[in-house]
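*Asks:* Residue numbers (this note's numbering), protein chains in the order written: chain D, 563 to 777; chain P, 8 to 232; chain W, 9 to 247.
Mixed in with the good hints, there may be bad ones.
As the list claims (entries may be wrong) - Okay, the calculated beta carbon distance ranges per label pair:
no., chain 1, residue 1, chain 2, residue 2, range
1, P, VAL127, D, TRP667, 29 to 37 Å
2, D, LEU685, W, ALA146, 35 to 43 Å
3, D, LEU566, W, LEU223, 54 to 62 Å
4, D, TRP667, P, MET8, 45 to 53 Å
5, W, GLY25, D, LEU748, 31 to 39 Å
6, P, VAL113, W, ARG142, 17 to 25 Å
7, W, ALA125, P, LEU22, 44 to 52 Å
8, D, THR591, P, PHE130, 41 to 49 Å
9, W, ALA123, P, LYS29, 27 to 35 Å
10, D, ARG767, W, LEU223, 40 to 48 Å
11, D, THR745, P, PHE48, 25 to 33 Å
12, P, PHE37, W, HIS117, 53 to 61 Å
Simulated from the structure, these hints should not be mistaken for laboratory data. Keep in mind it's a predicted model, so treat the numbers as computed, not measured. Backbone N, C-alpha and C define an ideal beta-carbon position, used for all residues, glycine too.
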Amino acid sequence: MTTLLGWLAGLGLVAGLVMGFGVAPREVTQGNVQRIMYLHVPAVWVAYLTFTVGFAASIAYLAGRRPGADRLAHAACEVGTVFLGVNIATGAIWGKPTWGTWWTWDARLTSVAVVFVMFLAYLLLRGAIEDHERGARYGAVLSIVAALNIPLVHFSVYWWRTLHQPPSLLKPGSSTMPRVILTALLVNFAAQALLGAYFVARRARLLAAEEEALA
Amino acid sequence: MTYARRALTVAWKDLVVERRSKETLNALLFFSLALLFVFQFALGPDRERLAAVLPGLLWLGFILSGVLGLGRAFLVERENDCWEALLLTPGDKSAIYLGKLAGSLVLMAVVETLVLALFVLFFNVDLGPALPGLALVIGLGTVGIAAVGTLFAAMTTQVRARELLFPVLLLPVLVPVLLGTVKATEALLLREPLAAVAHWLKLLVAADVVYLAIGLLTFDFILEG
Amino acid sequence: MVAVPLIRVIGLVRVFGAQRVLDGVDLDVGAGEAVALLGPNGAGKTTLLKIVATLLRPTRGTATVGGHDCVRQAEAARAILGVVAHGAHVYEDLTAHENLAFWLRMGGHAADRDALAGALADVDLERHADARVRTFSAGMRRRLALARLTLTHPRVLLLDEPFAGLDQRARKWLEGRLETFKAGGGAVLMATHSFGRELGVADRLAILAGGRMALDTPRAGLDPQDVQRLYVAHTEDVS
Chain D
563 MTTLLGWLAG LGLVAGLVMG FGVAPREVTQ GNVQRIMYLH VPAVWVAYLT
613 FTVGFAASIA YLAGRRPGAD RLAHAACEVG TVFLGVNIAT GAIWGKPTWG
663 TWWTWDARLT SVAVVFVMFL AYLLLRGAIE DHERGARYGA VLSIVAALNI
713 PLVHFSVYWW RTLHQPPSLL KPGSSTMPRV ILTALLVNFA AQALLGAYFV
763 ARRARLLAAE EEALA
Chain P
8 MTYARRALTV AWKDLVVERR SKETLNALLF FSLALLFVFQ FALGPDRERL
58 AAVLPGLLWL GFILSGVLGL GRAFLVEREN DCWEALLLTP GDKSAIYLGK
108 LAGSLVLMAV VETLVLALFV LFFNVDLGPA LPGLALVIGL GTVGIAAVGT
158 LFAAMTTQVR ARELLFPVLL LPVLVPVLLG TVKATEALLL REPLAAVAHW
208 LKLLVAADVV YLAIGLLTFD FILEG
Chain W
9 MVAVPLIRVI GLVRVFGAQR VLDGVDLDVG AGEAVALLGP NGAGKTTLLK
59 IVATLLRPTR GTATVGGHDC VRQAEAARAI LGVVAHGAHV YEDLTAHENL
109 AFWLRMGGHA ADRDALAGAL ADVDLERHAD ARVRTFSAGM RRRLALARLT
159 LTHPRVLLLD EPFAGLDQRA RKWLEGRLET FKAGGGAVLM ATHSFGRELG
209 VADRLAILAG GRMALDTPRA GLDPQDVQRL YVAHTEDVS
């Protein structure tokens with residue numbers, strides 16, 4: 563099953579790259595550098611997706627105490643953090659030639675950075691706890707706090723960056739996106755989601771092997 | 008109602024212990040005073056520059072004191088070996104969380120009142136009609152800080168490197184509270200009406216509700232050991 | 009019909025990281041019985057007590073107190089448990105009286121002044137009722153912890169080295185208390201290091217070594233030297 567996932571992810575990534583770097587049109591002002599968006603944007607969607615999975619798995623763990631639920635939560639939060647890291651890195655690479663700076667405190671970058679640090683702290687906590695069962699419990703609680711905090715971070719940072727009137731939507735929707743760009747984004751999203759699922763499955767399996775080696 | 012009595016008993020115990028040992032309160036007060044001096048020296052004598060960053064400084068002071076004080080919330084249990092004994096008491100353990108929270112809120116209220124007074128004195132701030140609104144914002148923000156802080160303090164009490172891990176866990180999570188309180192404080196000090204910061208207040212209330220709910224529902228799992 | 013023992017431990021396994029502290033422990037303690045748990049340091053006595061006290065989850069196996077599973081029905085088990093561990097569970101900056109009042113209220117009872125005074129008098133601490141526990145000796149703190157038990161009326165007592173730090177009079181008091189407790193149908197499991205007089209209150213000896221129950225035998229007819237010999241015999245083989 564996992565191997566199939568891996569193959570599908572591989573195929574998806576190829577398709578995504580073709581779409582992003584071949585099929586999608588070249589952006590007028592920014593040039594080819596803009597194509598990094600096809601890696602950058604889906605990465606954060608996949609990250610938030612995996613954090614949601616981690617959230618659900620954490621609740622399941624606290625309710626039923628099944629080690630499988632904890633392994634899923636742990637793996638999901640780790641993989642999500644990695645995808646956020648990809649998002650931040652590609653954002654910086656995109657930003658340097660485009661805006662002239664590696665970093666800017668705009669709403670999206672800032673809120674992603676905060677969420678990234680929150681889940682880095684999750685990894686730090688799990689690393690600091692020797693007793694496996696306690697690490698699972700505390701990790702579950704922390705990932706629940708972090709996941710529920712994501713919308714709060716999102717709103718507060720967005721309002722912080724737009725001065726007086728707060729918008730009533732999540733963010734100004736760019737519903738005027740050309741169809742081909744949207745398609746390319748979705749293909750890449752699907753590909754990265756498959757890759758994320760593959761990573762989570764492998765990581766969870768690795769965690770199980772680690773536990774067995776110690777028991 | 009034994010739930011309420013148990014929560015109050017925990018709060019009473021913490022306040023009595025604090026009043027007798029005076030460890031935390033004194034340290035926090037001196038810390039806040041030192042912070043004030045550091046802010047002044049770091050920013051220089053330019054009055055206008057100070058006025059612009061005052062809300063941020065105020066909340067920096069509150070949050071840093073909170074991190075120091077809340078990190079010690081379960082220290083008395085650890086030092087006196089009472090953690091397990093609390094776990095053995097019957098009934099809903101979230102009463103202990105609530106009691107700890109109440110005790111911490113009282114402590115933080117004392118520190119914050121003094122810090123605010125010092126700010127008014129040192130930086131010559133005229134609070135005037137902004138005071139009631141400010142009190143509301145400070146109240147909402149403090150509840151949020153203490154709600155998460157108490158939960159995380161319980162978590163880090165039993166862990167290595169707790170003094171380092173606690174702020175690392177707490178500060179990123181508190182970003183929404185920090186942003187909300189600073190922006191609202193800024194607006195209020197500029198004499199804007201409370202209605203102008205309604206969305207920030209709603210955010211703070213939402214955050215408080217979420218953090219309290221999580222704390223009440225998951226404290227049991229943390230106390231378990 | 010045989011009643012379910014007040015403490016029942018079956019196949020208990022507890023792993024800490026890479027270490028198997030308990031490796032399949034069985035133990036029963038019936039009503040009116042006291043079992044002394046012996047074993048070298050690190051044998052797992054405290055771990056076993058903690059699992060029965062619902063403070064720790066076993067890796068495998070079950071423990072029940074009064075028929076309640078220690079993991080799945082922990083609250084019901086706690087309701088009839090009385091635990092006195094190594095630390096005395098007292099707040100140093102509170103007085104003896106305030107400590108008792110605190111724990112009573114946390115247990116859901118009203119803090120009756122007379123009952124508190126009586127409990128303190130029982131353990132010979134009434135003169136120190138309003139002194140802060142910080143000034144107490146180790147023996148006094150142990151007595152305060154035991155005073156708590158007289159107020160909460162548990163049915164099962166779990167004691168970790170209960171006689172340590174007590175003077176002659178306090179030891180006699182505790183022995184008497186435990187005998188009364190047994191006579192009233194309570195069960196006692198106590199971990200202890202010494203083979204002296206305090207074993208007198210025990211009906212059975214259980215020797216824990218290498219994570220397993222090396223010996224479980226009635227104490228009657230054994231004098232301290234016999235106990236010593238048995239102890240050495242069963243713990244020396246295990247490295």
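*Asks:* With 44 to 52 Å as the target window, see if ALA125/W and LEU22/P comply at their CB atoms.
*Replies:* Violated, at about 24 Å.
*Asks:* Take the C-beta atom of THR745/D and the C-beta atom of PHE48/P, compute their distance, and say whether it sits inside 25 to 33 Å.
*Replies:* 57 Å, violated
*Asks:* Quick check: does the Cβ-Cβ distance between LEU685/D and ALA146/W fall within 35 to 43 Å?
*Replies:* Given about 42 Å between the Cβ atoms, the range holds.
*Asks:* Is 54 to 62 Å right for how far apart the beta carbons of LEU566/D and LEU223/W are?
*Replies:* 56 Å, holds
*Asks:* When you take the CB atoms of GLY25/W and LEU748/D, is the distance between them in 31 to 39 Å?
*Replies:* 46 Å, violated
*Asks:* Take the C-beta atom of THR591/D and the C-beta atom of PHE130/P, compute their distance, and say whether it sits inside 41 to 49 Å.
*Replies:* 46 Å, holds
*Asks:* Between ARG767/D and LEU223/W, does the beta-carbon spacing fit 40 to 48 Å?
*Replies:* 43 Å, holds
*Asks:* Does the Cβ pair PHE37/P, HIS117/W satisfy 53 to 61 Å?
*Replies:* 41 Å, violated
*Asks:* Just to be sure I understand the hint, the distance between the Cβ atoms of VAL127/P and TRP667/D should be within 29 to 37 Å; is that true here?
*Replies:* 30 Å, holds
*Asks:* If I claimed the Cβ atoms of ALA123/W and LYS29/P lie 27 to 35 Å apart, would that claim hold in this structure?
*Replies:* 32 Å, holds
*Asks:* When you take the CB atoms of TRP667/D and MET8/P, is the distance between them in 45 to 53 Å?
*Replies:* The hint (45 to 53 Å, Cβ to Cβ) holds, given that TRP667/D and MET8/P are roughly 48 Å apart.
*Asks:* A range of 17 to 25 Å was offered for this pair. Does it hold for the Cβ distance of VAL113/P and ARG142/W?
*Replies:* 23 Å Cβ-Cβ, so the 17 to 25 Å window holds.
Checked against the numbered hints given earlier, this structure breaks hints 5, 7, 11, 12; the rest are met.
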